[in-house]
Amino acid sequence: MDFNHSEERRMLQETLHRYLSDNYDSEQRSASVSQGQGYSEKVWSDFAELGVIGVLFAEADGGFGGGGFDIAVVFEELGRVACVEPLMASGVMAGHLLSALGNDEQKALIEEVIAGDLKIVSALEEPQSRYDLDAVETMAERIDDGYRLNGTKSVVIGGPSADKLIVSARGEEGLLLFVVDADAAGVERYSYPNLDGYHASDIALVNVEVPASARLGASQVVLPILEAARAAGVVALCAEAVGAMEAAKDLTVEYLRVRTQFGRALGKFQALQHRMSTVLIEIEQARSALINVAGHLSAEPSLRDKHVSAAKNLIGRVAQLVCEETIQLHGGIGMTEEYALGHYAKRLMMIDHQLGDVDYHLERFVGVMQTEAVREIS
Amino acid sequence: MDLNYSADELAFRDEVRAFLNENLSPTLSEKVRLGKRLSKTDHEEWHATLNKRGWLAINWPVEHGGTGWNAVYRHIFEEELCLAHAPRTVPFGLSMLAPVLMKFGSKAQQDYFLPRILDGTDWWCQGYSEPQAGSDLASLKTRAVRDGDHYVVNGQKTWTTLGQHADWIFCLVRTDAEVKAQEGISFLLIDMKMPGVTVRPITLIDGGQEVNEVFFEDVRVPVANLVGEENKGWTYAKYLLTHERTNIAGVGFSTAGLAHLKEICTKQMSGGKPLLENPYFAGRIAQIEIDLMAMATTNLRMIAKAAAGQAPGAESSMLKIKGTEIRQAINDLTRRAVGRYAMPFVSEALDSGANAQGVGPDYACAASPGYFNNRKLSIFGGSNEIQRNIISKAILGL
Ligand SMILES: Cc1cc2nc3c(=O)[nH]c(=O)nc-3n(C[C@H](O)[C@H](O)[C@H](O)COP(=O)(O)OP(=O)(O)OC[C@H]3O[C@@H](n4cnc5c(N)ncnc54)[C@H](O)[C@@H]3O)c2cc1C
Numbered sequence: 001m002d003f004n005h006s007e008e009r010r011m012l013q014e015t016l017h018r019y020l021s022d023n024y025d026s027e028q029r030s031a032s033v034s035q036g037q038g039y040s041e042k043v044w045s046d047f048a049e050l051g052v053i054g055v056l057f058a059e060a061d062g063g064f065g066g067g068g069f070d071i072a073v074v075f076e077e078l079g080r081v082a083c084v085e086p087l088m089a090s091g092v093m094a095g096h097l098l099s100a101l102g103n104d105e106q107k108a109l110i111e112e113v114i115a116g117d118l119k120i121v122s123a124l125e126e127p128q129s130r131y132d133l134d135a136v137e138t139m140a141e142r143i144d145d146g147y148r149l150n151g152t153k154s155v156v157i158g159g160p161s162a163d164k165l166i167v168s169a170r171g172e173e174g175l176l177l178f179v180v181d182a183d184a185a186g187v188e189r190y191s192y193p194n195l196d197g198y199h200a201s202d203i204a205l206v207n208v209e210v211p212a213s214a215r216l217g218a219s220q221v222v223l224p225i226l227e228a229a230r231a232a233g234v235v236a237l238c239a240e241a242v243g244a245m246e247a248a249k250d251l252t253v254e255y256l257r258v259r260t261q262f263g264r265a266l267g268k269f270q271a272l273q274h275r276m277s278t279v280l281i282e283i284e285q286a287r288s289a290l291i292n293v294a295g296h297l298s299a300e301p302s303l304r305d306k307h308v309s310a311a312k313n314l315i316g317r318v319a320q321l322v323c324e325e326t327i328q329l330h331g332g333i334g335m336t337e338e339y340a341l342g343h344y345a346k347r348l349m350m351i352d353h354q355l356g357d358v359d360y361h362l363e364r365f366v367g368v369m370q371t372e373a374v375r376e377i378s
Numbered sequence: 001m002d003l004n005y006s007a008d009e010l011a012f013r014d015e016v017r018a019f020l021n022e023n024l025s026p027t028l029s030e031k032v033r034l035g036k037r038l039s040k041t042d043h044e045e046w047h048a049t050l051n052k053r054g055w056l057a058i059n060w061p062v063e064h065g066g067t068g069w070n071a072v073y074r075h076i077f078e079e080e081l082c083l084a085h086a087p088r089t090v091p092f093g094l095s096m097l098a099p100v101l102m103k104f105g106s107k108a109q110q111d112y113f114l115p116r117i118l119d120g121t122d123w124w125c126q127g128y129s130e131p132q133a134g135s136d137l138a139s140l141k142t143r144a145v146r147d148g149d150h151y152v153v154n155g156q157k158t159w160t161t162l163g164q165h166a167d168w169i170f171c172l173v174r175t176d177a178e179v180k181a182q183e184g185i186s187f188l189l190i191d192m193k194m195p196g197v198t199v200r201p202i203t204l205i206d207g208g209q210e211v212n213e214v215f216f217e218d219v220r221v222p223v224a225n226l227v228g229e230e231n232k233g234w235t236y237a238k239y240l241l242t243h244e245r246t247n248i249a250g251v252g253f254s255t256a257g258l259a260h261l262k263e264i265c266t267k268q269m270s271g272g273k274p275l276l277e278n279p280y281f282a283g284r285i286a287q288i289e290i291d292l293m294a295m296a297t298t299n300l301r302m303i304a305k306a307a308a309g310q311a312p313g314a315e316s317s318m319l320k321i322k323g324t325e326i327r328q329a330i331n332d333l334t335r336r337a338v339g340r341y342a343m344p345f346v347s348e349a350l351d352s353g354a355n356a357q358g359v360g361p362d363y364a365c366a367a368s369p370g371y372f373n374n375r376k377l378s379i380f381g382g383s384n385e386i387q388r389n390i391i392s393k394a395i396l397g398l
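Top line first, the protein sequences correspond to chains R and F. Heads up, the first sequence stops at 378 in the numbering used here, and the numbers go up one at a time, no gaps. Heads up, the second sequence stops at 398 in the numbering used here, and the numbers go up one at a time, no gaps.
In isolation and in its complexed conformation, chain F is listed as follows:
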């Protein structure tokens, strides 16, 4: 047993730190640290910076332009990015669609789409959920009916994250309504500029518009945009989900969030002393840190398994639950830490590059919106209840 990184791994970490020092602009990392909403340009610029260094596609094999890193290197990299308050890369193209295309897509699809994901030409979004198909994804109803060389698509997707910026959407669609729910589903790539595609933003309780409804009305999609075989989409979707769940523990986010929280607590006063010296509040922070220390190790245990070639199974469900609980607990304390300044809500002050002034200290503006926004962590990507169902079935055999 050795709980330390090897010399190679430490050297790699230093290299990442040096890179971030030089290439992550203080303005951008400040926005991330203060919890502002990033603009499309913010995302695109960071995407380009990483791509230029060859460190964008951290879970792709080298032959497709990825880093070929093992799980430990990926972990170190992601953790350093979080600690430096770098934006997270938009995962839909890079870490969800790409692995599916590499495994199940045609050569033509790989050759066309993968480079465009890397160079940022195409922004992808994920069209799985529908109003009546949330946790029960297999009940989806969006229809794709074959008409010569095309599928004609009708239906509605919802909760489509950042769909307002997207050029393409990968969708699960129903191609056979007669068979068992899971068996009549196909995986289709749809150009969002096609006639018949409408995107309507949804405002969430934190005032942001990060999700959308997407409507399809007689959208004609070339059959060439079908991934793999017709009616086999469920298999690909499940494969994608295992990739969606990498870095699921979010240890880096929690570590960075905890550091930010402590910094706030040195500035906020309570009874004439910094809040960090208030034993009640300090105790709450300590409790989370204790949990996080253990989870970081749980996470490394799973990573070591993965690096040794064992595919992550239901274990990732444990990391999802514990990781989101810890992140939400940190958001909760951050909101509490700013005291009465948790109340003001100047939504425009949270927009990237906005001129609007917030109220109170700069770190206070996003405290409550951040708390409410991150309620999503336990809802999406397979809700925590669904993860518990998976654990009890797959691990406990109940």
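Chain R on its own, in the form it takes in the complex:
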């Protein structure tokens, strides 16, 4: 048993940690938040140069990682500073789809992504799809030598800065994926900030015509690959959450040490000590759930997805506890926009709304559990 990261990963983590502590202070963060597209070009190219994007991809794709723990170390560090650069949107899920399904031409895009020259974002969810990846109403209609797409994709994180999109649509052949230029005729982006500082778009596809060659995974069933991509995305989100929880906890412990009321530090009140202890215990549970899911990212699908749902559910619950307790223990200060705690708290709650919330994953976990039980009995 060895719960330590490999030497390479540790080095990358340290490099990224140092880079972010030196360069991603709250001023840089708010600059990224307030820029129209919600990211900083400088930070993005630094990420590329440091290898932060490359580590999200396997060697076969021109990267030098791509495993669950590679994703985890990067996103935990991003979570610690409540980073809003859309790395998960551009690097993790779309990257996974290109790598798993792309033809040579499509796979060649990965190189540009790793170099930081191209942002490609998956646009899978729709206004009524809630968290189901196959509840797709966008239509792909066959035309002469390609497809015509019509539909709406909702809250596409990283949408405003995307150069290309991977969209899902329903056609005669079933569920299909397409690589579409984000500024192609008929792609209408309505962009806005999210509560946690990330930027997103609602994207209307109005008679968007794409050639047949834009189809991703031309001869394959895509839903299982979407599930695998989502698993990678969940690892990133869970790691980000763990980083954000650690940071929120550290801020709160420090505050309890220095804030005095009734002539003593708040941290001396036993009622508050016990609550911080609970927060600590639960964060350790969250870290274990993260390790479980990262370690099973390439396991067979049913085992992988059991861990995906377990981690997303548990971490969603712990994130809410950490958000609510750390605000509460700060009192009024914790509710102010100027103070960094709010950034962590908001991000922690918004993570629940990405790739399936606590209830969605509880339901899926129950499904797996019931199937297993039936199998064991019969």
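Hints may be right or wrong, so weigh each one.
[Claimed, not checked] Straight-line alpha carbon distances no greater than 27 angstroms define the calculated DSS-like cross-link-like pairs of lysine-lysine that follow:
#, chain 1, residue 1, chain 2, residue 2
1, F, Lys141, R, Lys268
2, F, Lys393, R, Lys268
3, R, Lys268, F, Lys180
In case anyone wonders, no lab produced these hints; they're calculated from the structure.
Using the hints, position chain F with the ligand against chain R.
Leaving out everything else, chain F with the ligand in the frame of chain R:
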């Protein structure tokens, strides 16, 4: 034991409903229902509407222009207002300062200020908390030093709700630094237009600016604005707090919030069906409703006691804790219910009368901001931890 309202009480409820039907504009109630931030004018108009009907000062005695209602009538009234999505009245003048003035203020203060509260001339705010004096309010440092017919005030207040709209602030100030903390405090009324008063808004994590910092720099306040006796302010402040805690359970808010949540759940889809049919989500809603049903009765039990003349004591702390927990749980589910549309945040779309478009269904815009804003419920008005301290001391004797 009779769990039902009497015929008189039911008739009164119908009267309130009819009044709301006629006088609460659909535009205003829609803003409240969708969780928009109300403008000063929105508040003022509703205040005037209630005043015109004589139903503004529901906890004032008749001789001062109030309704003279007992606790049950007040409860029915407040509940109906919540259910109709009426704005809540700004409590600082009406239900905090006024009772103090009636009990401890001079005749001149009563004659001057009370009518102005009713007709909306003066908007009041509450200047208790300071950066170093939150839960430990008695450690406040704002100084008022006597200089002839004036007090010269220096210091800072914070978290002053809606202070940006206010004409007057009632403050706790230190008039004697030599005695025990609670004993050197006075209750002072300060005109916010006086030279030396500065208000700075604070933005909260939901993007709204409902609280402020208020700075006092050599502000000269006439001694006539002292309420009661010098150095007796703590007594008045405690008296005020018992009034601040009326309607603390917020049963009406929760009932209305739950109805709104269920409506959202008939519109949001999950696995091809309305979310309300999802057993997991429906179970969560049911759990809250079960809690709320019991709390409504706990609340009525306390109200019946109050109506029988027993002053609410530490029991109100129980209602504060349970009431805020339930309201926060409803906010939590409302945020979850809107799914991915909980993420977009177009702050301007939440402003009253704003033209900015939100993203997603109209009920989604305020879901997450509302969740974050209502984290305050367990922090202010004596935090829930402080309420638990009160319960363990006053009721459990620990
Ligand atoms: C939105 C909002 C509006 C407000 N409006 C007003 C207003 O209009 N006027 C006004 O005067 N004030 C107002 N307040 C201030 C409010 O009353 C204070 O925030 C509150 O009293 C808590 O003080 P604090 O924020 O300094 O937190 P602190 O007192 O520093 O408390 C921090 C944490 O420690 C806990 N704690 C403190 N002491 C103890 C103890 N002995 N045992 C156990 N736990 C303890 C608290 O419960 C809290 O969780 C408002 C606050 C908010 C957030």
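Hints, one by one, checked against the model:
{"no.": "1", "hint": "Lys141/F <-> Lys268/R", "verdict": "23 angstroms, holds"}
{"no.": "2", "hint": "Lys393/F <-> Lys268/R", "verdict": "19 angstroms, holds"}
{"no.": "3", "hint": "Lys268/R <-> Lys180/F", "verdict": "23 angstroms, holds"}
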